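Mind assembling these two chains? They're in different frames, but the hints should get you there.
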Amino acid sequence: DAGVTQSPTHLIKTRGQQVTLRCSPKSGHDTVSWYQQALGQGPQFIFQYYEEEERQRGNFPDRFSGHQFPNYSSELNVNALLLGDSALYLCASSLLLWSYNEQFFGPGTRLTVL
Amino acid sequence: AQTVTQSQPEMSVQEAETVTLSCTYDTSESDYYLFWYKQPPSRQMILVIRQEAYKQQNATENRFSVNFQKAAKSFSLKISDSQLGDAAMYFCASLQGGSEKLVFGKGTKLTVNP
Chain A
1 DAGVTQSPTH LIKTRGQQVT LRCSPKSGHD TVSWYQQALG QGPQFIFQYY
51 EEEERQRGNF PDRFSGHQFP NYSSELNVNA LLLGDSALYL CASSLLLWSY
101 NEQFFGPGTR LTVL
Chain B
1 AQTVTQSQPE MSVQEAETVT LSCTYDTSES DYYLFWYKQP PSRQMILVIR
51 QEAYKQQNAT ENRFSVNFQK AAKSFSLKIS DSQLGDAAMY FCASLQGGSE
101 KLVFGKGTKL TVNP
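From first to last, the protein sequence lines stand for chains A and B.
For the record, in the first sequence the residue sitting at position 63 is 63 according to this note's numbering, with numbers rising by one throughout.
For the record, in the second sequence the residue sitting at position 48 is 48 according to this note's numbering, with numbers rising by one throughout.
In isolation and in its complexed conformation, chain B is listed as follows (with noise of 0.2 Å):
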């Protein structure tokens, strides 16, 4: 079975800022997908960036990226020169590939501070 873990239940960050969320995950499978979803106050669960297991480089979406530590089982993402609208809960969530069962983890709350 998959599973996903966040370790920062909150994190902040000061406008403009760099700030790292971490993510560990388990699955005994070799083909997967690892994301990281942004769920604002809206509620609207949005996709911000995907990475997929086979690929050993790090996926990148503008202010976005991600560590990608495969052997570590580590899927961290960083958001650089943060801003207002990137508060929000931050999911890490898990595909295994041909499967459409996303398993998420409890989430991080981002403050970002003007």
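For reference, chain A alone in the conformation it holds in the complex (with noise of 0.2 Å):
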């Protein structure tokens, strides 16, 4: 059984540019979450989908959109990238119940803006 996975490992982009992360999450789990890890810290929530629908979001702006497909795959964008955007974002997947589901990791991508 496949954990979470993630795509690119890493990625290079300069300012300016655009970027999609990709994650696909563990067998059997329909909920995807995406956080971002700047170096040095703890991961910071940047949204959640569910249904192909953003169900919950963090303090992060527009630029970040995501996107969740009928096969639960999610995507990541971000635009007009900048250099503080550079930090390790990672994929959680879950499956969506009433109360507590446990969330498990992707390895991450590894994007540096230049």
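There could be a bad hint or two in this list.
To be verified - Just the calculated beta-carbon pair ranges, DEER-fashion: (1) B:Thr5 with A:Arg55: 23 to 33 Å; (2) B:Glu29 with A:Glu102: 11 to 21 Å; (3) A:Leu95 with B:Ser28: 20 to 30 Å; (4) A:Thr20 with B:Lys106: 21 to 31 Å; (5) A:Ala38 with B:Glu29: 20 to 30 Å; (6) B:Lys70 with A:Ala2: 33 to 43 Å; (7) A:Asp62 with B:Asp31: 22 to 32 Å; (8) A:Gly84 with B:Thr5: 16 to 26 Å; (9) B:Asn113 with A:Asn71: 20 to 30 Å; (10) A:Leu114 with B:Gln14: 39 to 49 Å; (11) B:Ala16 with A:Arg55: 23 to 33 Å; (12) A:Asn101 with B:Arg63: 17 to 27 Å.
Simulated from the structure, these hints should not be mistaken for laboratory data.
Bear in mind that the values here come from a model prediction, so they are computed numbers and not experimental data.
For each residue, glycine too, the CB sits at the ideal point set by N, CA and C.
In structure tokens form, the structure reads like this:
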């Protein structure tokens, strides 16, 4: 059973460009959350997708957008990249239940903005 | 708003010894969960242990146990019989009941000396 997978592993972009990161959830999971982890910091919640809709959002600007596909995979898009967007982007998947449900994390995509 | 504070940027322990990592949190909610995650150099965030706030009994997972002091809003992780493979970044995190947004501390880097 494959766990959460993310692509690409590493990415280098320049300021002003746009980037798309991809995530495939763990088998049987229907919910995908995205986190940004700056160097030396803990992850920060960007948003979560369920049933192809954004269900919850953290304090990130509209430059950060996402999408979830019918097969539950997800994309994170970042427009007009800034140097400060350089970070490890983590995807986590879970099965939405009425109470707590464990989030399983992928290995992340390291984004460097030059 | 939930906050999580880890006051120890780095800790070290001798192999086979015991180490305790500290975490304090703040929340106005009565329904919440607390977690310790391990992030090795491979970057993949791994759940170490979970504590439901409504449970008085401290959670234990093999060599890992927590000291949950609800009134003091303290949630420390004890690692017994430390192994070289325990070396990693450890993050304390909280989750409000019904939410998918994990709130992380800044992490503690644990070094295990042979």
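Beta-carbon spacing of A:Thr20 to B:Lys106 - inside the hinted bounds 21 to 31 Å or not: holds (28 Å)
Satisfaction of the hinted span 33 to 43 Å by the C-beta atoms belonging to B:Lys70 and A:Ala2: holds (38 Å)
Consistency of beta-carbon spacing, A:Asn71 to B:Asn113, with hint 20 to 30 Å: Since B:Asn113 and A:Asn71 have Cβ atoms about 46 Å apart, the given range 20 to 30 Å is violated.
CB-CB spacing for B:Arg63 and A:Asn101 relative to the 17 to 27 Å hint: holds (25 Å)
Range hint compliance [Cβ, A:Gly84 to B:Thr5, 16 to 26 Å]: holds (23 Å)
Pairwise beta carbon distance, B:Ala16 to A:Arg55, judged against the given window 23 to 33 Å: violated (45 Å)
Pairwise beta carbon distance, B:Glu29 to A:Glu102, judged against the given window 11 to 21 Å: 19 Å Cβ-Cβ, so the 11 to 21 Å window holds.
Status of the given 22 to 32 Å range, CB of B:Asp31 versus CB of A:Asp62: Given range 22 to 32 Å: holds, Cβ gap about 31 Å.
Range hint 20 to 30 Å (beta carbons of A:Leu95 and B:Ser28) holds or violated: Between A:Leu95 and B:Ser28, where Cβ atoms are some 27 Å apart, the hint holds.
Cβ separation of B:Thr5 and A:Arg55, checked against the hinted range 23 to 33 Å: holds (27 Å)
Range hint compliance [Cβ, A:Leu114 to B:Gln14, 39 to 49 Å]: Because 42 Å falls inside the window, the suggested range holds.
Whether the CB-CB distance between A:Ala38 and B:Glu29 falls inside 20 to 30 Å: holds (26 Å)
Violated hints for the displayed structure, listed by number in ascending order: 9, 11.
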